[in-house]
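Participant: With the sequences and hints as input, model every part of the structure.
Going down the list, the sequences are from chains X and D. The numbering of the first sequence is this note's numbering, which starts it at 1 and goes up by one. The numbering of the second sequence is this note's numbering, which starts it at 1001 and goes up by one.
Calculated from the structure, these hints are not laboratory results. Even for Gly, the Cβ is constructed at its ideal location relative to N, Cα and C. Be careful, since some hints might not be right.
[Stated by the list, open to error] Across the chosen pairs, the derived CB separations fall in these ranges:
# : chain 1 : residue 1 : chain 2 : residue 2 : range
1 : X       : Asn88     : D       : Glu1106   : 28 to 34 Å
2 : X       : Val27     : D       : Pro1063   : 16 to 22 Å
3 : D       : Ser1064   : X       : Ala69     : 47 to 53 Å
4 : D       : Asp1188   : X       : Glu161    : 45 to 51 Å
5 : X       : Asp140    : D       : Arg1070   : 17 to 23 Å
6 : D       : Asn1127   : X       : Gln132    : 36 to 42 Å
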Amino acid sequence: MARIDDDGDTEAGLTALLVAVGTNGDVEAFEALFRHFAPRIKAYLSRGGAASADELMQEAMLIVWRRAALYDPSKGSAAAWIFAIARNLRIDAYRREKRPEFDPSDPALVPDGEEPADMRLAASEDAERLKQALTQLPPDQAEVLNRSFFSDQSQSEIAAELKVPLGTVKSRMRLAFAKLKAALRGTGEES
Amino acid sequence: MTIRHHISDDLLLSYAMGSLAEGWSIAVATHLALCPDCRRRLVEAEEIGGGLLEGTQPQAIEPSSWESVRARLSERPAEKAGRAAVQAEKPIIPRPLRDYLGGDLEAVKWRSLGKGASQCLIRTEENTTQVRLLKIPAGKPVPEHSHGGRELTLVLSGAFEDETGRFGPGDLEDADGSVTHQPRATPDADCICLAVTDAPLRFSSWVVRLVQPILGI
Chain X
1 MARIDDDGDT EAGLTALLVA VGTNGDVEAF EALFRHFAPR IKAYLSRGGA ASADELMQEA
61 MLIVWRRAAL YDPSKGSAAA WIFAIARNLR IDAYRREKRP EFDPSDPALV PDGEEPADMR
121 LAASEDAERL KQALTQLPPD QAEVLNRSFF SDQSQSEIAA ELKVPLGTVK SRMRLAFAKL
181 KAALRGTGEE S
Chain D
1001 MTIRHHISDD LLLSYAMGSL AEGWSIAVAT HLALCPDCRR RLVEAEEIGG GLLEGTQPQA
1061 IEPSSWESVR ARLSERPAEK AGRAAVQAEK PIIPRPLRDY LGGDLEAVKW RSLGKGASQC
1121 LIRTEENTTQ VRLLKIPAGK PVPEHSHGGR ELTLVLSGAF EDETGRFGPG DLEDADGSVT
1181 HQPRATPDAD CICLAVTDAP LRFSSWVVRL VQPILGI
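Facilitator: As structure tokens, this is what we get:
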């Protein structure tokens, strides 16, 4: 078995760890993932104010363990994949709503065409550029994004709290998404 | 299927962040099942979620957390019951909408809205949206309406046209409260679409407004 001598704190390292868990059921790799993600997932899951954030975090990490074989590194980073698991758990735990999602094996699903070959070339560089771009977002766009991410607020709730029109919230989200997408793709973005 | 009207960036980002209510999310997720392009955009939006998670100030975990989790690694969670029997024909309606309806189009229990139009209300576990399937006869208009907020309309079969364009299977119209539109099914076939609104529709016609409370539309 390949040893992972990375400390797991780079995106490429984390992705390699998740692949090792998925292909070999590697407990050491999983422990390294746990050490990295558990404190972040706990912080994310306690934003709803729950005292039980530690238990929820444990649930999230167990789902990561059980589903790791389904992880496909060509479709995104380990952080994004693990985020989606924590997000769904949070919706279920706090809002008690369903999370409607498409089913990749549904016969009614329209399948992907040919993937562009350059979809994911340099995951670590992507992560670094994304990190930079997140810190450089204008404050009003960062505010709207953070409320959506951490506080689980809908667009209309954000508009009401910030006392701005709904259209303003939408356009700030669009601008933020455009900047961050450009960073992920490594294309410059004229402001 | 050629899709021309896609999920707007702000809607897709809200869905990816997990802050979009269940009702809207049904329309978004069903469009995603029909649209590989939007699925690629969703991957990018979820990368942003991953980046924000990475940037989160870590919170101390219970010292025993790792041991508790490790002790449970060999648990085999109860698997969900096997998939439903393979359908003889490819369904028209993709998941997740098909699950909400309890089956494909033939399972829908339509209620008449008059003038040949009909609807089927869809239950969700939240009360900020109203979700319904609408069937508009070929060539016929939907009663003119304006609405207090957002309205998402996803075409499943047939097509409709309004002042803003033509919408065929898979197309998602994202209208806000500023629009009073007059959608009309194209003459070739009945139009079946999913409509999600965040406020009861205010039909402009006083007759329809009168029966609105009775029909629950």
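Participant: Looking back at the numbered hints, which does the structure fail to meet, lowest number first?
Facilitator: 3, 5
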